[in-house]
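Dock chain Z against chain C, hints included.
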Amino acid sequence: MPSGAPAVTNGSQQGFASVQMIRVSELTKRFGPTTAVDRISFEIGRGEVVGFLGPNGAGKTTTIRVLTGFHPATSGSAEVAGFDVQKQSLEVRRSIGYLPQEVPIYPDLRVGEYLRYRAELKGVPARERRGAVARAMAKAGIEDVARKLVGHVSHGYRQRVGLADALVARPQILILDEPTSGLDPNQRRRIKQVVRELADDHTILFSSHILAEVQDVSSRVVVIHRGALRADGAPKQLVADSTPARLRVRARCAGQALREAVASLPGVLAETLQVDDGEVASARCMVAPGGDPATELGDRLQRAGAAVHELAVDLPTLEEYFYAITDGRDELRDDIEEAAT
Amino acid sequence: MNGAVTTLKKELLSYAVSPVSWLIAVLFYLVRGFELASIAFEFAVFRADPNQFPSATYGAGSTFYMVLLVPGILTMRCFAEERRTGSIETLMTAPIRDFEVVLGKWFAASIFFAILWLPSVLVLHLLEYEPYFGADVAFGPVLSAYLGMFLLSGLLLAFGCFASSLTENVLLAAIMTMLFTGLLTQASRILTQYVGELRNDYYMRELLGKLDVYGNFSNWFARGLIDTSHVVFYLGGIGFFLFLTWTSLASRRQA
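Protein chains in written order, with my numbering: chain C, 1 to 341; chain Z, 1 to 255.
Next comes chain C alone, as it looks inside the complex (with noise of 0.2 Å):
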């Protein structure tokens, strides 16, 4: 492959061929005695939106620093853009708009300023660099502080300021590490808001440990964990293919004929089930990943005659996936094992 073209390939996901804009292989980065990445690989194609999520200190800011250039890979190869991270890195940091964990600006410059000196240093011609700002700041919200002092704006709108830095140049790929930390409930709705319309014509990695945003952003999320890969996919299909949902049933029948009906469903996990007897029997049980038995369960019941006042299956949310294959997992066993008991 001619190097600085971007890869052909199968998606590793979608399951059809696109052009990959961040193909990470094999990177391992170690600080000394410390393995902060291991041996992580996964791919992301042209005009993906992925959310790149874990636990704080589980390795998402040194990969993204290894994307950027900032901090070199121990082993494994990283390519953006079709770039070598590594051997290629201005080229590498020509095509991204990068957003860093804390927005770390001049507060000596107002914001225009930094603006304009940051297309300059990007290479953005002067005949443009004006509107460059411009369109920067407006699909950033920020034109209310262009003539502000960056040491005096809000920790909200210096995460804003960042964001337009990272669009100025007009980037194919944007990289922005936990571009909501610190921000209030409004702030975040609006760097959202400001995402969701620049997956239109960028590629998007988004690192954050705010699961219902990435679930709100991204089309699909990568999880790392103990600088680790843990996961790779659609957050919906992830969820609904590893993680134990809850079936929850009250019938008026008695509660033996209950256990049985139940117990004898596929996907239950036998050992979670527990039934409490009386005039309305209910039972509650953990069901395999995948399955859903809430239909034959149904079927059961109304044949032996059993009025149903409650059946529902509570499908695992994204925060639960991400507890169960992260620090979590302990704790989701415990809630099996207390749920069995």
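Keep in mind that the hints were calculated from the coordinates and are not lab data. Because the structure is a prediction, the values reported are computed rather than measured. Take the hints with a grain of salt, since some may be wrong.
Said to hold, decoys possible - Lysine-lysine pairs mimicking DSS-like chemistry, simulated, CA-CA at most 30 Å apart:
| no. | chain 1 | residue 1 | chain 2 | residue 2 |
| --- | --- | --- | --- | --- |
| 1 | C | Lys148 | Z | Lys9 |
| 2 | C | Lys192 | C | Lys148 |
| 3 | Z | Lys9 | C | Lys139 |
| 4 | Z | Lys9 | C | Lys87 |
Stated by the list, open to error - Quick look at which bits of chain Z chain C covers, simulated, 3 or more residues with Cβ under 8 Å:
| no. | segment |
| --- | --- |
| 5 | 5-14 |
| 6 | 89-99 |
Every residue gets a Cβ at the ideal spot worked out from N, C-alpha and C, and that includes glycine.
What follows is chain Z alone, placed relative to chain C:
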């Protein structure tokens, strides 16, 4: 080199809006002004040769303190502040080469230092008129002195950039530069004067003589004497410390 020019412009803007820069400028102009006035008064009282006036001014205390203190203060923020605030990340992930950043910051500090000095040329020019000296001041030694000052400050500012690239602590960066300047200006002189063995060794004496940067400035450039070996020494020193700064910055990517 567009990156260096962009960095230079931004750094000059930062100097222009920084209260520390203005404080240095005001203090320097005040002290320098009083010194020039008192030297002019002495020249008038003792009817000294007005042509010697420019050279005499470069031996004034403000020159020494300007050389000792200001390079450290001007360069302390160059990289240490960027590292402390984290803005080094946005700078180093922008499409700009590391050496362009180093050159831009060094040039900006040098230009600001030159801006501090240049108004004193106007003062010397004013002194040519009545009722001051009313004599033609020889501007050859003045130009030579300015060349020497810019070379000397360039060397110290290059070291200042290097010191600033080693730490996140701006104060420590300034102190390192001041110590280095103190060492350069005093150590070689003291060693040459008091350590007999060194004084007797020709090569050692020559080396220590070259290292006595302030002595070279006041004894040569300020008197209108330009020795190519001094110029080469200063330029070599500037190149050496800028190279070290670049290496230090590049090694941060390896961290």
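Hints and how they fare:
1. The straight-line distance between the Cα atoms of Lys148 (chain C) and Lys9 (chain Z) is roughly 20 Å, inside the 30 Å bound, and the hint therefore holds.
2. Note on Lys192 (chain C) and Lys148 (chain C): the hinted pairing holds, with a Cα-Cα distance of about 24 Å set against a maximum of 30 Å.
3. With a C-alpha separation of about 27 Å, the suggested pairing of Lys9 (chain Z) with Lys139 (chain C) holds against the 30 Å cut-off.
4. Between Lys9 (chain Z) and Lys87 (chain C), the direct Cα distance comes to roughly 29 Å. Compliance with the 30 Å bound is thereby established for this hinted pair.
5. Judged by the Cβ-Cβ criterion of 8 Å, the segment 5-14 of chain Z is covered by chain C as claimed, because 6 of its residues qualify and three suffice.
6. Chain C is given as covering the segment 89-99 of chain Z, and this holds because 8 residues of the stretch bring a CB closer than 8 Å to a CB of that chain, at least three being needed.
In summary, this structure violates none of the numbered hints.
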